[in-house]
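Undergrad: Sequence:
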Amino acid sequence: MGMPVRIEDELYESAKAQARAECRTIAGQIEFWAKVGKAALDNPDLPVEFVRDLLIARAEGRERAIPFIPEGLSRE
Numbered sequence: 001m002g003m004p005v006r007i008e009d010e011l012y013e014s015a016k017a018q019a020r021a022e023c024r025t026i027a028g029q030i031e032f033w034a035k036v037g038k039a040a041l042d043n044p045d046l047p048v049e050f051v052r053d054l055l056i057a058r059a060e061g062r063e064r065a066i067p068f069i070p071e072g073l074s075r076e
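Numbering follows the working numbering, with no gaps: position 39 of the sequence shown is 39.
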């Protein structure tokens, strides 16, 4: 369910530009920023970049995941 909200013009324009670059809607970009911000506030010990990358990876789903193989171990 969508809810109309008022935001500053500068934030809207920034979201518009970033949304275009990330292939999201403007609303989707603002929602993404809100999720990153909330997760970062809930986990202050984690870097924001890590939180962002984690949310992106979770949205992509397991079918696009690359298995983690520790250094020194071969795939065979």
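Honestly, the hints are just simulated from the structure, not real lab data.
Just so you know, even glycine gets a beta-carbon here, dropped at the ideal spot from N, CA and C.
The reader is advised that the hints may include incorrect statements.
Said to hold, decoys possible - Have a look at the derived ranges for each label pair, beta carbon to beta carbon:
(1) Gly2 to Ala59: 15 to 21 Å
(2) Ser14 to Ala57: 21 to 27 Å
(3) Leu73 to Gly2: 43 to 49 Å
Undergrad: State for each hint whether it applies.
TA: For each hint, the structure was consulted:
no.: 1; hint: Gly2 to Ala59: 15 to 21 Å; result: 19 Å, holds
no.: 2; hint: Ser14 to Ala57: 21 to 27 Å; result: 24 Å, holds
no.: 3; hint: Leu73 to Gly2: 43 to 49 Å; result: 47 Å, holds
In summary, the structure agrees with every hint in the numbered list given earlier.
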